[in-house]
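2 protein chains.
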Amino acid sequence: MTSPTRLASLACGCLRPPGLGKVRMGGFWADRIEATRARTVPILHRRCEEAGMFDQIDPHRPVPEQRIPFSTAFGGSAVRPVGGNVTAQMYWDSDVAKVIEASAACLAGKRDPELEAMVDRIVDMYADLQAEDGYVNSWFQRMQPGKRWLNLRDCHELYCAGHMIEAAVAYFEATGKRKFLDVVRRYADHIIERFGPEPRRPGYCGHEEIELALVKLARVTGDRRYLDQARYFIDQRGQKPRFFEVEARERNEPPEAFAHRAPDYNQSHVPVREQTKVVGHAVRAMYLYSAMADLVTEFGDDGLRRTLETLWEDLTSKRLYVTGGLGPSPDNEGFTRDYDLPNESAYAETCAAVGLVFWASRMLGVSPDARYADIMEQALYNGALSGMSLDGSRFFYENPLESQGDRHRWEWHRCPCCPPNLARLVASIGSFHYGVGDDALAVHLYAENDAELSVAGRTVRVSQRTSYPWDGAVRIRLGLDEPSAFTLLLRIPGWCERPTLRIAGEAVDLSAVTRDGYAWVRREWRDGDTVELDLPMDVQRLYAHPDVRADRGRVALRRGPVLYCAEAVDQTAPVHRMSLPKTGTLSARFRADLLGGVAVVSGPAETASAAGWEGRLYRREPAAAEPATLTAIPYFAWDNRAPGEMSVWLHEA
Amino acid sequence: MTSPTRLASLACGCLRPPGLGKVRMGGFWADRIEATRARTVPILHRRCEEAGMFDQIDPHRPVPEQRIPFSTAFGGSAVRPVGGNVTAQMYWDSDVAKVIEASAACLAGKRDPELEAMVDRIVDMYADLQAEDGYVNSWFQRMQPGKRWLNLRDCHELYCAGHMIEAAVAYFEATGKRKFLDVVRRYADHIIERFGPEPRRPGYCGHEEIELALVKLARVTGDRRYLDQARYFIDQRGQKPRFFEVEARERNEPPEAFAHRAPDYNQSHVPVREQTKVVGHAVRAMYLYSAMADLVTEFGDDGLRRTLETLWEDLTSKRLYVTGGLGPSPDNEGFTRDYDLPNESAYAETCAAVGLVFWASRMLGVSPDARYADIMEQALYNGALSGMSLDGSRFFYENPLESQGDRHRWEWHRCPCCPPNLARLVASIGSFHYGVGDDALAVHLYAENDAELSVAGRTVRVSQRTSYPWDGAVRIRLGLDEPSAFTLLLRIPGWCERPTLRIAGEAVDLSAVTRDGYAWVRREWRDGDTVELDLPMDVQRLYAHPDVRADRGRVALRRGPVLYCAEAVDQTAPVHRMSLPKTGTLSARFRADLLGGVAVVSGPAETASAAGWEGRLYRREPAAAEPATLTAIPYFAWDNRAPGEMSVWLHEA
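Heads up: the sequence lines are chains A and B, in that order. When you number the first sequence by this note's numbering, it's gap-free, plus one each residue, and the end is 653. When you number the second sequence by this note's numbering, it's gap-free, plus one each residue, and the end is 653.
If we strip away everything but chain A, and leave its shape as in the complex, we get (with noise of 0.2 Å):
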């Protein structure tokens, strides 16, 4: 037997995820990735092109009409878009910016000149648009030229900027060019100059994004500015006199008239560090939380890794959906009452379950925890990645957990954040399975790849042989030129109830190597070592604390990583009228020719009978219960063959 080892040189900060093409991803995700690639992105960007965005951008097109009639925009019925106008927003750059970030880790994995030559239009364009002092922003350079940094509250300005340095570091990354960095770089070097303590500015952004993104550009360029900065401005949020209030007077604007009324919307009620609930807008609130774990890791910050440990606990014990989603509320695209987690009107945003992989991945940056990894699977198997079909072509905005029929997978969107976040997402997913750091490697997700990494200064070829995650057999093979002594750090599954592993051909009492739901291996590792992870999954009932009162009654279904629901079109009674017995035998079985290959549950159930009650709306007696048989697909795949009912939630008999 191994015996567990504590890393002593396991501190903060020193597990990363690869970068960009580091890993290639087989099995399920090289299907995602595929989609991503050949269907996806293309679409992000021609529907860029018609909404008008590039006619914003370009410096050398005329400035377009604010308001674009949809049908002309998206040439008619072919595109099915929310919403009657395309509106010029402010935002737009951010939503390029996203396009061109996932477009990157598309070409980190699979060179594509033609994709490459459209993204180096759009940076010429951006670097045509670019004013003398480094500002670049289409919204106000073309659109409300002399409004620049007005309005920090409502205006995305910072936002957009840090989208942009966040593709333009991708951009460096997948294809080594340094034009847009070169671009972002001076804009973040005017931001740096105009924001700051005295003689500088005060300021922050409504919408974070910046903080985050400041930190991938002190990363990739090695200037402890740019993380200087982002730390300022997380520290600077909420501290009084409070920004967005001193601000709004300025413009002669009475403070209160805020159009998101309370100042937690954006998390600047009060200063950072002091915050223990998740609220307000959750994008903004992930956004958050991800710069400061940057920050913990970065800077050893105990006091902020309290902070975000609070807020961890407060998100998933009593604010998060089943699914992995968050925000219930449309009214603020987020958080409203703990427990508050209605089905059918969730709103739980596709950007929200992308923020939160990315605020999980960057607690694993903090510790190695399988909370934390728990939580960053259940958000990309379900609450993210329902946000896209199964093909690319196709989208949800919001992800609710049940619904009579009426909503589809739109086309597109009046504010199409959501597509291309979760297209960066998808694209970039090998980065998210590894940890690496001086003398540890850590795998946070299982999943078909092949990677290689850099560990103790010498390159790990490591190789995952998986059906995950419709199946927990993991086979891990290493590849080393000369033996190296790390610890490998395998993530135990908290849903996996009875997890086995050998090493070498060696069993693993994983209840001695186990610390905080990561097995912890330490050897001299040598070429060709193999891992045997067992992962057995089974069909498993999940159930809601007793004051989630949109749960009561009613069970959930998982296996490994994977929420299931019940969809319509697999039924043979009407979703809303089944029901599980409490003690029936549920089973998965893969099935290659549905929905691309998925493990589908089933079991006996029941449904209520209409019998008896025709013309009668009440009576004294309840349905009757007839057997029938529940179908239940993966979450993230529904709504990808006939429209229908849906139901992550069931009730049980």
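Check each hint, because a few of them may be wrong.
[To be verified] Pairwise CB distance ranges (calculated):
1) R619(A) to E132(B): 58 to 66 Å
2) A642(B) to R616(A): 42 to 50 Å
3) R620(B) to R224(A): 43 to 51 Å
4) E198(A) to A259(B): 47 to 55 Å
5) S467(A) to H408(B): 48 to 56 Å
6) R337(B) to S511(A): 52 to 60 Å
7) D228(B) to T87(A): 46 to 54 Å
8) D331(A) to P627(B): 37 to 45 Å
9) P627(B) to A653(A): 18 to 26 Å
10) T585(B) to R337(A): 57 to 65 Å
11) D331(A) to E621(B): 32 to 40 Å
12) R337(A) to E309(B): 44 to 52 Å
[Said to hold, decoys possible] Simulated pairs of lysine to any residue, SDA-like, Cα-Cα distance not exceeding 20 Å:
13) K177(B) to T221(B)
14) K582(B) to P581(A)
15) K582(B) to E652(A)
16) K277(B) to W613(A)
17) K22(B) to S463(B)
Please keep in mind that the hints were generated in silico from the structure rather than gathered at the bench. Values in this document were obtained by computation on a predicted structure and should not be read as measured data. For glycine and all other residues, C-beta sits at the position ideal for the given N, C-alpha and C.
With chain A's structure known, arrange chain B on it following the hints.
Same frame as chain A, but now just chain B:
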């Protein structure tokens, strides 16, 4: 045993409610009426003044501003209105008219010179406002002069006329004063001159109301022209070309720019006689159907009667809350899809339930059928009565069947239609208890009261002694100056399983005399004859049709006509955690000390324990059940004490 007799003369139109002041209520309703008289009606007058309604009507005052901050209008924090401003509304005449009608009903029950003087002052304003040609509408005469009759679809012009007519008829009935009746007659004549077949102009109102009002005007004046005009408006509705589309084009507006989108919003999508589904705005629908029922009564119109039966069936078998509330959606204040009856988000406007009482009452004029009386009673005691606090001072506009504790009665509302609507119903509730015909007397509702009715040309004094709705023992004594032969129709409520009847001490075989839910007892009645009707009230469990998603696995409790709910203040555990065992015994007890005296239902329940859930949101075992006691109060009486959760539909374990 008395044998069943079908009244030969009981044809369409023969059963009409007695006029105002004929029935003096005691017991349960005396309390409600007194609250209305002493609290609600004075509040209504005060709010009309404070909101500026009288400023708008009175031609001797300056034309008011259109927007008045609520805090100014209502003297600050003493009133807790919904919304930030009073905005002068085109439908204010209707609100003032309903206040007059409620006042009239109170005056019919109890003289009150001060109240009468207040009404007289308003009547004087309207008389002074009335134009030479008879037109009278304060919005279009004072706020929007020159814009009469340009937009019947949206501007409530005929709707306001209808409410003024109803008010004038009621005030005439209550006081004998003709001044207001003369005003509205001249206005009705003006309307008749304008709207009708060629050479008059086509038209009907976007909010039905004028139709039923014209029937009332015809009945009180004996002038058939008003009846014919009502029939014109009803038969014209939905004919092609659609009037609202023609009218919109005349205003140079695209007809499809209708804010409420579809013509079924106001039931003008197809001709009224072809309608088969209750659709659109619920109050509009109820007022339309009420007028249609009046026409069946007045014209013996069998086609219209069949339409109404279809619509009734549709409403009561697919689209009605168990409270008798209706119209689930705030979007159209109306109907959506079959079985779409969400509880927490239920709109179920007070006015809609009041309108259903009106419609049901008129269906009883068409035919004495307990189907109609049962629904009338259900809506009255539950979904309508819930709209007013026990003391008559606070109101619900929406009547959800479930609350997390955040829904409370308000003191005033931007759209103040509901309080005077319910007030006029409560103050005139005696009229709804009886139907009188040439040769018959029907008792539709049971309650402590003394009535003086005219049947078969003779005065019949009816004394009901009962503690209804808390007890089902009803003792009726007939007072006659001389013996008189007529049929007494006694409703046997659908909720009652073992009714018994004794007439003048002799047992009656109800199965032999009951038809359509009414016991028909024809005999020569003598002074002092007694009717002993016993309607045992069990606590009953009700279940909803299996297609009502919101009520799956849930049960509602009813006792007699009263529907129950669990309110937080009475429970030892949070309402949402409670469940009723399927087989537990529930008992009722009258508590004079509670909520002005109500029967309380209680019994063993379970509560889901939060033990073991610390820090967890989902787990593999359901929450353990702990014993608890359920205490349920009448739904209509909720939110009269400490704020908290409420639920009508309780989980069944």
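Verification of the hints:
no.: 1; hint: R619(A) to E132(B): 58 to 66 Å; result: holds (60 Å)
no.: 2; hint: A642(B) to R616(A): 42 to 50 Å; result: violated (37 Å)
no.: 3; hint: R620(B) to R224(A): 43 to 51 Å; result: holds (47 Å)
no.: 4; hint: E198(A) to A259(B): 47 to 55 Å; result: holds (52 Å)
no.: 5; hint: S467(A) to H408(B): 48 to 56 Å; result: holds (55 Å)
no.: 6; hint: R337(B) to S511(A): 52 to 60 Å; result: holds (54 Å)
no.: 7; hint: D228(B) to T87(A): 46 to 54 Å; result: holds (52 Å)
no.: 8; hint: D331(A) to P627(B): 37 to 45 Å; result: holds (39 Å)
no.: 9; hint: P627(B) to A653(A): 18 to 26 Å; result: holds (22 Å)
no.: 10; hint: T585(B) to R337(A): 57 to 65 Å; result: violated (35 Å)
no.: 11; hint: D331(A) to E621(B): 32 to 40 Å; result: holds (34 Å)
no.: 12; hint: R337(A) to E309(B): 44 to 52 Å; result: holds (46 Å)
no.: 13; hint: K177(B) to T221(B); result: holds (14 Å)
no.: 14; hint: K582(B) to P581(A); result: holds (16 Å)
no.: 15; hint: K582(B) to E652(A); result: holds (14 Å)
no.: 16; hint: K277(B) to W613(A); result: holds (19 Å)
no.: 17; hint: K22(B) to S463(B); result: holds (12 Å)
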